[in-house]
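Novice: One-letter residues, chain by chain:
Protein chains: 2
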Amino acid sequence: MDGDHSTRSDGIATALSVLGQRFGPQMLTGRDARMHRAHSATWLAPEPADAVLLPQNTNEVAEIVKICGTYNTPIIPFGTGTSLEGHVNAPLGGVSLDMSQMASVLQVNAEDLDCTVQPGITRKALNEDLRATGLFFPIDPGADASIGGMAATRASGTNAVRYGTMKDVVMDLQVVLANGEIIRTGTRAKKSSAGYDLTRLFVGSEGTLGVITELTLKLFGMPEAMSAATCQFKSVEAACEAVIATIQYGLPVARIELLDAAMVGAVNAYSNLSLPENPLLLLEFHGSEAGVAEQAQAFGSIAEDTGGQDFQWTTKPEDRTKLWQARHDAYWAARALKPGTEGISTDVCVPISKLAEAVQAAANKAAELNLAPAPILGHVGDGNFHVLLLVDPNDKDEQARAKTFLDWLYDAAISAGGTCTGEHGIGQGKQHYLRKELGPALEPMRAIKTALDPDNIMNPGKIFTLG
Amino acid sequence: MDGDHSTRSDGIATALSVLGQRFGPQMLTGRDARMHRAHSATWLAPEPADAVLLPQNTNEVAEIVKICGTYNTPIIPFGTGTSLEGHVNAPLGGVSLDMSQMASVLQVNAEDLDCTVQPGITRKALNEDLRATGLFFPIDPGADASIGGMAATRASGTNAVRYGTMKDVVMDLQVVLANGEIIRTGTRAKKSSAGYDLTRLFVGSEGTLGVITELTLKLFGMPEAMSAATCQFKSVEAACEAVIATIQYGLPVARIELLDAAMVGAVNAYSNLSLPENPLLLLEFHGSEAGVAEQAQAFGSIAEDTGGQDFQWTTKPEDRTKLWQARHDAYWAARALKPGTEGISTDVCVPISKLAEAVQAAANKAAELNLAPAPILGHVGDGNFHVLLLVDPNDKDEQARAKTFLDWLYDAAISAGGTCTGEHGIGQGKQHYLRKELGPALEPMRAIKTALDPDNIMNPGKIFTLG
Chain A
442 MDGDHSTRSD GIATALSVLG QRFGPQMLTG RDARMHRAHS ATWLAPEPAD AVLLPQNTNE
502 VAEIVKICGT YNTPIIPFGT GTSLEGHVNA PLGGVSLDMS QMASVLQVNA EDLDCTVQPG
562 ITRKALNEDL RATGLFFPID PGADASIGGM AATRASGTNA VRYGTMKDVV MDLQVVLANG
622 EIIRTGTRAK KSSAGYDLTR LFVGSEGTLG VITELTLKLF GMPEAMSAAT CQFKSVEAAC
682 EAVIATIQYG LPVARIELLD AAMVGAVNAY SNLSLPENPL LLLEFHGSEA GVAEQAQAFG
742 SIAEDTGGQD FQWTTKPEDR TKLWQARHDA YWAARALKPG TEGISTDVCV PISKLAEAVQ
802 AAANKAAELN LAPAPILGHV GDGNFHVLLL VDPNDKDEQA RAKTFLDWLY DAAISAGGTC
862 TGEHGIGQGK QHYLRKELGP ALEPMRAIKT ALDPDNIMNP GKIFTLG
Chain B
442 MDGDHSTRSD GIATALSVLG QRFGPQMLTG RDARMHRAHS ATWLAPEPAD AVLLPQNTNE
502 VAEIVKICGT YNTPIIPFGT GTSLEGHVNA PLGGVSLDMS QMASVLQVNA EDLDCTVQPG
562 ITRKALNEDL RATGLFFPID PGADASIGGM AATRASGTNA VRYGTMKDVV MDLQVVLANG
622 EIIRTGTRAK KSSAGYDLTR LFVGSEGTLG VITELTLKLF GMPEAMSAAT CQFKSVEAAC
682 EAVIATIQYG LPVARIELLD AAMVGAVNAY SNLSLPENPL LLLEFHGSEA GVAEQAQAFG
742 SIAEDTGGQD FQWTTKPEDR TKLWQARHDA YWAARALKPG TEGISTDVCV PISKLAEAVQ
802 AAANKAAELN LAPAPILGHV GDGNFHVLLL VDPNDKDEQA RAKTFLDWLY DAAISAGGTC
862 TGEHGIGQGK QHYLRKELGP ALEPMRAIKT ALDPDNIMNP GKIFTLG
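Going down the list, the protein sequences come from chains A and B. Sequence positions in the first sequence follow my numbering and run 442 to 908. Sequence positions in the second sequence follow my numbering and run 442 to 908.
Please note that a few of the clues may not be correct.
Same chains, same label: a pair holds when it works inside one copy or across any pair of copies.
Unchecked claim - Calculated pairs, DSBU-like style, for lysine-lysine (alpha carbon to alpha carbon, straight line, at most 35 Å): (1) 837 <-> 507; (2) 659 <-> 837; (3) 659 <-> 877; (4) 763 <-> 837; (5) 507 <-> 763; (6) 659 <-> 844.
Hints listed in this document are in silico derivations from the structure and should not be mistaken for laboratory results.
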């Protein structure tokens, strides 16, 4: 077992005393500072760490890790607190390692389409920094998350269908291991067969194997042109058919997002739009001027064949921005449907052939459980969608029905050959579903965790508990 | 240390006796059968296993692994024997696990662009099987390797620049672990954040962590059209400049290969072509009819700006096939330059900005060491290239100079921010260079190996030796 807080508390007290002497004002122990790092966009209760440390560089991280190791003190890396499954909670106490002071771009190699950054930089700050180079970093999970946090949770988002997920764009990591040793996991070579793929092992490890202190990332040339398109469908099935045809045709869409009628309604109200309240596909195309026009038209034909209506596309930046800002605000738009409720953002990913059935069944199930409105949106080019549940924190019965829905949804995704998490990660909230999904594979995962972090100081209690 | 053969030999003898009783004609012990599985396209001396086992299904693999585990007997998975760094050798004896009887396509999900196959199927057989679906599996390392072997070595090849490497196209694996347990590492979801990325850990693990018994792979729609192009350059630098401009422009080339003048000469002689003996780029474009013409023309402009000459392109299948067959035969063409010599295919990958310098320096160094002709070819869109050394097995001095060259080449690649292996893997031949490249990262790799295979029965002596 992970050991409870009390058995660790003597060690933690000593660690804090040593860390306080060494790091002085870089250590915060006030309640607000600690609660801020435990607060994330999740329905799980915050569990603050005993102190917050603000390292300035890799050597300081290594020093902190060694001190924590000596006194059996948990370390919980913190980026911006936008994760959704309790990743930044400190159920066993310990130290929240706030990486916000390590937020520099260390190197941009424009010819090689790569850059090296510190983990605390956010994706928007990175893209601001890159603007003059004509390059951009494409992974966009919605929130302005830190790059380190995005790597740790294997984030993706709206344009993964074209540019991949964090696993695809991280080339090399610098990591401080649980014993305080500093390693690099790769090189700047675009491909490699040099030993175990530690890069991909640390991407998605949720801080449980080490602290990411530098990342080398693939960049992409800013497309010469972008176009955005919207198309309505009479049913979610018809919209999904259009998505399948688009992917099969090989149309290189940069984004293809589904909003169900409930979500369109929420977005209309929140962002002052007047989209017809039908299932909607929202697309973006990247390429040359001629290319994005051709792509939009090709999608138009596909949409026509699958019953799409009122297909519109535009290359006007202001129209594109307005649409995509509305999409990015969808979470808040949904929350606004039932003020005072907690939002639970679910996250399943299924083979695309099962998508229409899965989305429709989820909408039906939410209605059956009296959980409507439960708007749905999805990165449907990848088969990934989110049902947003809006739950009254004072209504025990609604909470129980929400739990019934979650169990049903994740079972359904796993039965369809999919996963209980396309992009949010496991954290504290999904350990039960991970066991259902991968069962026997949990044993080698635990063996790896124990091999790299024998004292279980790196973000303990996340992904799985130890036996 | 790995333990030498003699300390294991009693166990191996007992294991063979148990395996022989259980598997009868599925076990081969004749010298030819054993030598065949130790023979690969490598300069390393063959080290045959004590027996060859031919499992028919996953349960038989698990049975074999359990018996071998009981008697501390090494297991060396074998695909087609086309690996290059001694991966199929049995330095500590044991059992060669020939996967050729497990070569079926288990499932094709055309709507989802994926399939599930057994590891023994070769890439050509898979593509033959897929022909009627309009889909194809793009990874092409040249040799008609088995899919399981390609995953185990993280293979890639000529069209990785567009379609990625094995790490990008494997979605899920079934693996028999060293303790005989059977796990699945993923699902058919296109993306996932569900726990540690065991899929990517097993891809490239060279059989040292478990035996791959099933693979779920991403497939791609057959392009509507393909075009091939050739362009000569006065220097390797000029050719590399054209490559950099092509990648930066975002031209979605399917293949972009460099042959230096020596390699063009070898190919001319071997394949009866009459290409001018200058550095040559050989390209392939995939897309719509209009798209491949547009891409070829766009490359033509880039080539013109960077001093390309005699740019030619064609969509005629017979011309394309002839050119690419010649490229695929380049290894044998090079070998034919000095009959009776051993071929050593080196394999470095550097950031693309360092490519021209690295290729030119390698050619100079080979000349300086009196190793010419040492033809060079490269998957240059990824910065990956191979210098082919042709070494007389009876000339000790030439062998020593070849060793000097290898040390120099891998040091140079690592110093340039690159890797000692873009696609061949570490095996027995590159352990020294892996230590130079990733140094401190070897410790967590060893810890993972020990955690998953405490008795070191899975392909021992590959990637690294144990402390």
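Novice: State for each hint whether it applies.
Specialist: So, going through the hints one by one against the coordinates:
no.	hint	result
1	837 <-> 507	neither (44 Å within a copy, 50 Å between copies)
2	659 <-> 837	neither (46 Å within a copy, 44 Å between copies)
3	659 <-> 877	both (34 Å within a copy, 24 Å between copies)
4	763 <-> 837	neither (38 Å within a copy, 71 Å between copies)
5	507 <-> 763	neither (48 Å within a copy, 60 Å between copies)
6	659 <-> 844	between (39 Å within a copy, 34 Å between copies)
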